[in-house]
Amino acid sequence: MPDMDRDYRIIGFLCNWCSYGGADAAGVARFNQPTELRIIRVPCSGRVDPMFVAKALLSGADGVLVSGCHPRDCHYTEGNLYARRRLELLRRFLPIIGVDEGRFEYVWVSASEGSRWRDMVTKFTEKIHQLGPMPRMAETARTLCALEGMLGVSSAQPDMWRPGEPGHDALLSMDEYKEVMDGE
Amino acid sequence: MASESSASALSANEPSVNDSAANESSTNASADRMETLRAKIAAELPNVDFVLAYGRGFDPLHATPVTVRGEKDLDRLIFDPTCVQNLATSLYGLRGKRLGVVVKGCDSRSIVQLLQERLWERENLVIFGLPCEGVLDLAKLRATLDIASARAASFTGSPRDGLLRLTFNDDGGHDGERTREIETKGLLADKCLRCQHPNPLVFDHMIGPETLPQGAQDDYADLAALEKLSTQERFDFWKRQMGRCIRCYACRNACPLCVCKHVCLADSREPHWLSAEATLQEKWLFQVMHALHLAGRCTECGECQRSCPMGIPILLLKRMMNRELKELFNYQAGVSLEAIPPLHTFLMEEDRIKDRGLLW
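Sequences listed follow chains A and B, in order. The numbering of the first sequence is our numbering, which starts it at 1 and goes up by one. The numbering of the second sequence is our numbering, which starts it at 185 and goes up by one.
Next up, chain A with everything else stripped away, as it sits in the complex (with noise of 0.2 Å):
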C-alpha cells in the first residue's frame, strides 16, 4: 500500500555536465516534481563510487538515484562507461545483502531532456513509496540479547554446539530469529 503522506529520504547524485543541467531544465520549465529527492552534483556518475550508495542506504536513505550523461556522451569521453560496469554490479549486489533491488536506479539524463527528468524523478518516488521505508539495522536492547542468545550456539562456539539439536545447526534456523524480532 502507497504511503503518500509519509516523507521518504531519496538521495540523487546527478553528474555536473548533462543530469544537473536537466534537473536545472526542469526546474526552469517550471515542471512539478516530487520534493523528496535530494540532489548532489558530481563531477561525472564516475565520480559515484558505489560505498556512496552503499551507506547512503545503510545509514537511513529510503533510495538511491544516480543520473549521467548517455553513453557516448560524457564530458570526460568514458566516466559513464565505466561508471555503468560499477553501478551495474551495485545493482545486482543490493539483494545479496538484503536491500530491495527497485531501492537503487541509475538512468542517463542529458542537459535537454527536463521533461524526462521530470518523469524519472516522480517514477522513482513513487517506487520508494511503494517499498516504504527502508527497514534499519537498529539495535535494541532486546535484539542485542536475542544475539546473545544465540552465540552459544554458533559454529564459533564448538564446545556448546549439540548437533542434532534444534536450533544447533551451524547456521540458525530463521524462525527463530523472526519470533524475537517480531515482538519489537
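Since the hints were derived computationally from the structure, they do not count as laboratory data. Glycine included, each C-beta is placed from N, C-alpha and C at the ideal position. Hints should not be assumed to be uniformly reliable.
Said to hold, decoys possible - Using 27 Å as the maximum straight-line C-alpha spacing, the simulated DSSO-like pairs for lysine-lysine come out as follows:
no.	chain 1	residue 1	chain 2	residue 2
1	B	K412	B	K510
2	B	K369	A	K55
3	B	K412	A	K55
4	A	K127	A	K55
5	B	K445	A	K55
6	A	K55	B	K538
7	B	K510	B	K538
8	A	K127	B	K412
9	B	K256	B	K224
10	B	K256	B	K281
11	A	K123	B	K224
12	A	K127	B	K538
13	A	K123	A	K55
14	B	K324	B	K369
Stated by the list, open to error - Simulated DEER-style distance windows between Cβ atoms:
no.	chain 1	residue 1	chain 2	residue 2	range
15	A	D73	B	E301	29 to 37 Å
16	A	R30	B	R453	57 to 65 Å
17	B	S414	A	R38	27 to 35 Å
18	B	S414	A	T35	27 to 35 Å
19	B	Q380	A	R72	36 to 44 Å
20	B	P455	A	T77	21 to 29 Å
On the provided structure of chain A, position chain B as indicated by the hints.
Just chain B now, with coordinates in the frame of chain A:
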C-alpha cells in the same frame, strides 16, 4: 617438550613407529615430496632474503608460517592438511624484498592477483608450488572432539579419502581412548570440496605430482539456501550474523588482497566512512565495503571466514558477489596474469547490461 615430540611424529620424513606397513607407500610419497621441497628451497636460499613456508604450530593440528633463512631452518618445514594458511597474505607487507614462498593451488591465485595488479614484481618472487588435495577445517573437527587433548596427529593417504590418526594425552585421553582414526573427507574445508585449482597456477618449482580438481565446475550450490530467502529475510539473516561481529578486523588482516590496510577507510577519520560506534550498521557497512573493494579481485581463498573468531560466514558474501561477476562479465579473479579486471575496462555496447537509459 610436547610440541617437539608431536612435530617429530608428524614430520613426514620420520614416519612414526605406529604407522602400519600398508600406509608406508603414501608416507614415503609425502616424505619424498618434503625432501624435494627441502632440496629446492636449499638451492634457492642464496638467491632470496628468506622463504615463507609452513612449520608446526603450537599443537599437532596447527601449522604456523615460518621463515627459512638458512640450512638449519629446513628441518622445521612441514606440509600436510593442517597447512591452512594462505602465505600470500604476508607478501604485500614485505615488498621490496626478494622472497621465496610456498603456495597451495588456492594460494597461488592470490599471488596471480597480486602480480596482475602489479603489487609485487615477479622477478623478486620464487614460488614453490605444492599441489594440494585439501586442508582441514578445524571447526569441523572441534565440533565432535576436544582437539586440545590431541598429542600427536598423522595423516595417511590422500586427504580426499584418507585417515587422520589422533593420539591423545595419557591422562584421561578422549573418553578413555588413546587413539582415534577419523576419515579426513568429512574434515576438509568447504573450499576444498569445490576446489577447481588444486595445482598452483604460477610457480617456479612445482613439487610433487599434479592432482586432479575435485569437481567439474563450481555450481555455487552452497548459496542456494540463502538464495531462497526473500530480500527482507536475507537482510535479517545478515543482521543476525553481523550482530556477533566484534570489529576485530581479523577478516581484513587475513585477506591477501586487502593491500591498503595501513590506510584503511575503516580506520580513517578523513574521510569518515565508519565511526567507532559498535552498532550493527557500522559493522555491516564494513563488510559491504570489504566486498565492494574486492569485487573482481577476491579469489575465494576463505581466509576472512577462517580467521573470524565469531564464525560469521563472510565468504558467503564474497561468493555471492563473485557469482554476479561471473554472470555479468564472465570473469574469475586470480586465474590469469594477462586478464583485464572487469571494472578497469568497458565495452561501448555492453552485451549483458540492459540499457538503463530506456528504463521508464
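We went through each hint and held it up to the structure:
1. In summary, the hint linking K412/B to K510/B is supported, as the alpha carbons are separated by about 20 Å, within the 27 Å threshold.
2. With a CA separation close to 42 Å, the supplied pair K369/B and K55/A exceeds the 27 Å bound.
3. A threshold of 27 Å between alpha carbons decides the hint, and for K412/B with K55/A the separation of about 26 Å falls inside it, so the pair holds.
4. Between K127/A and K55/A the alpha-carbon distance is near 20 Å, which keeps this suggested pair within the 27 Å criterion.
5. Using a Cα cut-off of 27 Å, the hinted pair K445/B and K55/A holds, with the two alpha carbons roughly 20 Å apart.
6. Taking the CA atoms of K55/A and K538/B, the gap is near 25 Å; set against the 27 Å cutoff, the hint holds.
7. Distance restraint check for K510/B and K538/B: the Cα-Cα separation of roughly 16 Å lies within the 27 Å cut-off, and the hinted pair is therefore satisfied.
8. Restraint check: the Cα-Cα separation between K127/A and K412/B comes to about 24 Å, which is no more than 27 Å; the hinted pair holds.
9. For a cut-off of 27 Å, the pair hint linking K256/B to K224/B stands: about 15 Å separates their Cα positions.
10. This hinted pair checks out: K256/B and K281/B have alpha carbons roughly 21 Å apart, not beyond 27 Å.
11. For the hint pairing K123/A with K224/B, the CA-to-CA distance comes to about 66 Å; that exceeds 27 Å, so the pair is violated.
12. For the suggested pair K127/A and K538/B, the alpha carbons sit about 19 Å apart, so the restraint of at most 27 Å is met.
13. About 23 Å separates the Cα atoms of K123/A and K55/A, which keeps this hinted pair within 27 Å; it holds.
14. Taking the CA atoms of K324/B and K369/B, the gap is about 11 Å. The hint holds against a cut of 27 Å.
15. At roughly 31 Å, the beta carbons of D73/A and E301/B sit within the given window of 29 to 37 Å.
16. Against the hinted window of 57 to 65 Å, the Cβ-Cβ separation of R30/A and R453/B comes to about 44 Å, which falls outside the hint.
17. Between S414/B and R38/A the Cβ separation comes to about 29 Å, which falls inside the hinted range of 27 to 35 Å.
18. Hint check: S414/B to T35/A, Cβ distance near 31 Å, so the stated range 27 to 35 Å holds.
19. Between Q380/B and R72/A the beta carbon distance is about 38 Å. The supplied range of 36 to 44 Å therefore holds.
20. Taking the beta carbon of each, P455/B and T77/A are about 27 Å apart, inside 21 to 29 Å as hinted.
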